[in-house]
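What follows is the residue order along each chain.
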Amino acid sequence: MTALQRILRPAFWRLDDWTSRVFGAAWNPLYNLGALGFFFYWIVAVSGIYVYVFFDTGVTEAYDSVAYMTEDQWYLAGVMRSLHRYAGDAMVVVMVVHLIREFSYDRLRGARWFSWLTGVPIVLLVLASGITGYWLVWDQLAQYVAIATTEWLDWLPIFGEPIARNFLAPDALDDRFFTWLVFLHIAVPLLLLLALWLHLQRVSQPRINPPRGLAAASFAALLALSLVVPATSHAPADLAMVPTVLNLDWFYLGFYPLLDLWSHGTVWVTAAILTLTLAAMPWLPPFRRPAVALVNLDNCNGCARCAEDCPFNAISMERRTDGKPFDREAVVKGSLCVSCGICAGSCPTATPFRRAGALVPGIELPDATLATLRDRLDRTADPAGQQVYLIACEHGVRPETLRRPGLAVAALPCVGALPPSFIDYLLSRCGAAGVYLAGCAEGNCHFRLGDTWTEARLERRRDPGLRKRVPRERVRCDGFAPHQSVRLRRSVETFLHDVRELPTQEIPSARQLGARFGRAHGDGGVGSP
Amino acid sequence: MIRALRYVGQAAVLAAFVAAVGFFSGNPSFRHFPEGEALLKVSFSHGGDRKVECRKRTPEELAELAANMRSALDCPRERVELRFEIDLDGEPLYQALLPPAGLAGDGPSRVYERFALPAGRHVLDLRLRDSRRSEGFDHVARRAVEFDAGQSVAVDFRGGEGFIIR
Chain A
-9 MTALQRILRP AFWRLDDWTS RVFGAAWNPL YNLGALGFFF YWIVAVSGIY VYVFFDTGVT
51 EAYDSVAYMT EDQWYLAGVM RSLHRYAGDA MVVVMVVHLI REFSYDRLRG ARWFSWLTGV
111 PIVLLVLASG ITGYWLVWDQ LAQYVAIATT EWLDWLPIFG EPIARNFLAP DALDDRFFTW
171 LVFLHIAVPL LLLLALWLHL QRVSQPRINP PRGLAAASFA ALLALSLVVP ATSHAPADLA
231 MVPTVLNLDW FYLGFYPLLD LWSHGTVWVT AAILTLTLAA MPWLPPFRRP AVALVNLDNC
291 NGCARCAEDC PFNAISMERR TDGKPFDREA VVKGSLCVSC GICAGSCPTA TPFRRAGALV
351 PGIELPDATL ATLRDRLDRT ADPAGQQVYL IACEHGVRPE TLRRPGLAVA ALPCVGALPP
411 SFIDYLLSRC GAAGVYLAGC AEGNCHFRLG DTWTEARLER RRDPGLRKRV PRERVRCDGF
471 APHQSVRLRR SVETFLHDVR ELPTQEIPSA RQLGARFGRA HGDGGVGSP
Chain B
5 MIRALRYVGQ AAVLAAFVAA VGFFSGNPSF RHFPEGEALL KVSFSHGGDR KVECRKRTPE
65 ELAELAANMR SALDCPRERV ELRFEIDLDG EPLYQALLPP AGLAGDGPSR VYERFALPAG
125 RHVLDLRLRD SRRSEGFDHV ARRAVEFDAG QSVAVDFRGG EGFIIR
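Read top to bottom, the protein sequences are chains A and B. Quick note: the first sequence uses our numbering, first residue -9, plus one each step. Quick note: the second sequence uses our numbering, first residue 5, plus one each step.
Chain B on its own, in the form it takes in the complex:
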């Protein structure tokens, strides 16, 4: 009798164990993203202009260099930081100065941001400065996008194409 009770107890413990494993393996459910909203992702990797313009080396300077180093132009590696702004329906949504990557500051600037927006039609104004100018922007775009609930829309930037919606 006691042995039978022990078997029942063992079965009960193991059943409770696997029941807990089975339950918490997928429950309770979790709402990751609010209902009725959409996601805007903005991400690109883009290198700005050089911080200092290339300069032509003088014949004297070239003569001082080793034969294999005699490049006609002296181009410092460091790049400018990018000025990037987004307006959503005429209101500022994001503004940032994006520094160049790398220890020498010669890599591309990068951004990855995400914004939850109410579903519906929205107008995005995108502005990017990637040159040495101190005022204004080099790339400007206005995009009207229809955001469905739960939709994920990505804004990317490519040097030759400008801003693209993916």
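This is chain A alone, in the form it adopts within the complex:
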């Protein structure tokens, strides 16, 4: 599996990069695949409701009603029918690319198994929704799909009468069958919606709506396709004849030719193996999980910032258990924690200025403690004040490859794991000329929200924000996929040049500020939430 990922991942790095250049990170369709899937689902739902108004459930009436929509009312019902089909096809495309992309980035193992596993029935339900839809037109394609599907289902020894007998001869089929099909074609997509809801249960702030501009452009493109190439039907179904040449919708019906080539049992076994393999992927091979975040109650004031920032809903705020005068305390659910450290980055007690005691924030990763990070940064302090610190995400460019005089580097599981007070600390205490934060890729954070929260903290739109006293021009934040080391090197060089051109600026130390304001400023002890 990892060999396949090694092949696919660089391809996606480049594709992501290219689409980001064209669309920008926020609009990048590859960063919005799930949201686009939802958007196409809603187009299918709305157009389906409109088409249903004109649809007639009857052996001959079904085809005639679809023909009426396609030919007589082509300008609205016909367009709706085309949108219904093409948005459904687009949904399959984004779903498959989403699946392959998440696999290639290995975003399926550890605590992320749940989203992957619940995605497997979504694939099956999307296919079932489309296949039942093709039956309803009751043209030759519908006849082929209906007979091939029922013959395939009949291989399972669970049906009394062979279902395919319903299509034995023209007089075998009755109108009630279409009523049953309409029910299926509505019930399966509703089940799909339920599965989609389940799919998102373990991610916080899921992106279910694409940016408006991207949504509008995608809709316009599908509308144009519907007008230029309207969806049409084959000839009416005739059970006395065999459909011979068919224009399959390869997105939904791509595996049907296998039913002609292989035995039904072989197709069932293949489908079962593929489904089970897909479902088992989060455990192939078993994932060695890094240590999960730990709460230090002595330093937790129950402010809930960690719970709000956790990208995977792994932190909940519970009733206080240690008798301290706070209402709540953070509790980490280990099975949901991906060890990104974003919680440590959000903790107001995670301040390196604290010297009175050991640097133990309210929450942090035991394998990447902030005390260790501070010690490492202290050791590289530059009294001349010309050094730039590059703090890079472990899932982006490997920072060690960029080492050079005047550049100190450190890696974190995620840039979101760096509390903004560390930037202040580097500039005011370690003699840094500047701090460069390199995330894994703008809009494509390995831990979903690390880059978003970092940007918001730097812009002081989200707590804990970067202090006002920190000169913003000495801090830069950007995202670089692992293959973009040259671009990062160039960007860092430019930054080095820029910050050295800046007039020397004395950043008042915490002690100086404390003296100025008559209080200990920035000691970062446990305060009120």
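Just so you know, these hints were derived from the structure itself, not from any lab. In this text the structure is predicted, and so the values were computed from the model without any measurement. Backbone N, C-alpha and C define an ideal beta-carbon position, used for all residues, glycine too. Honestly, I wouldn't trust all of these hints.
To be verified - Stretches of chain B that chain A covers, calculated by requiring three or more beta carbons in the stretch to come under 8 Å of a beta carbon on chain A: (1) 14 to 21; (2) 28 to 34; (3) 41 to 48; (4) 107 to 118; (5) 150 to 156.
To be verified - Counterexamples of contact, computed for chain B against chain A with all Cβ distances above 12 Å: (6) Ala24; (7) Lys55; (8) Glu57; (9) Glu68; (10) Pro80; (11) Gln99; (12) Ser138.
Assemble chain B onto chain A, guided by the hints.
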């Protein structure tokens, strides 16, 4: 200029996307059934005789049963398996023993088979044994059928009517 190029790029990507969606939504076409052939479907659902003949219960046996269970006949549920054969133009096409459905073997036997045949006139010899006999057949029929290319012809069986062409 760069912004304009980006818009052009975005339009090109979306156009390529919907072009691919539009194309693969109905292309390339697929030939499901060979040209110049016809389809014969054979399917029926029919219960054979009971495997063991019903037996009249003795007065002593009836007396041992609860009042509401005193049926005069003792009829074991299990049915015989059907022997079904088809010859096409004098050559064997299909031969099968069709077991009864159900855990107790008391349901109807079922068959659903399809055969692609060259178009033209064909003679079908259909034979079915649904009784406890060990030799011969209970239902025999010969049907000459004209198969047009692409036509689908179904052979069904109903207890009261025998073999029927649909």
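We went through each hint and held it up to the structure:
1. Closer than 8 Å: that is the beta-carbon criterion, and the segment 14 to 21 of chain B has 5 residues meeting it against chain A, so the requirement of 3 holds.
2. Given a C-beta distance limit of less than 8 Å, the hint that chain A covers the segment 28 to 34 of chain B holds, as 6 residues qualify and 3 suffice.
3. Under the rule that three or more residues need a Cβ within less than 8 Å of chain A, the assignment of the segment 41 to 48 of chain B holds, with 4 such residues.
4. Counting residues of the segment 107 to 118 of chain B whose beta carbon lies closer than 8 Å to any beta carbon of chain A gives 4, which reaches the threshold of three, so the coverage claim holds.
5. With a threshold of 8 Å between beta carbons, the proposed coverage of the segment 150 to 156 of chain B by chain A holds, since 3 of its residues qualify and at least three are required.
6. The beta carbon of B:Ala24 is not kept farther than 12 Å from every beta carbon of chain A, the shortest such distance being approximately 8 Å.
7. Against chain A, the non-interface label of B:Lys55 holds: every CB pair exceeds 12 Å, the least being about 20 Å.
8. Listed as a non-interface residue, B:Glu57 keeps its Cβ farther than 12 Å from every Cβ of chain A; the least gap is roughly 26 Å.
9. The beta carbon of B:Glu68 sits about 35 Å from the closest Cβ of chain A, which is more than 12 Å, so the claim that it is off the interface holds.
10. Residue placement check: B:Pro80 keeps its beta carbon more than 12 Å from all beta carbons of chain A (closest about 21 Å).
11. Consistency note on B:Gln99: stated as away from chain A, and its beta-carbon is indeed over 12 Å from all of that chain's, at 19 Å minimum.
12. The claim that B:Ser138 lies off the interface holds: its Cβ sits roughly 28 Å from the closest Cβ of chain A, which is beyond the 12 Å cut-off.
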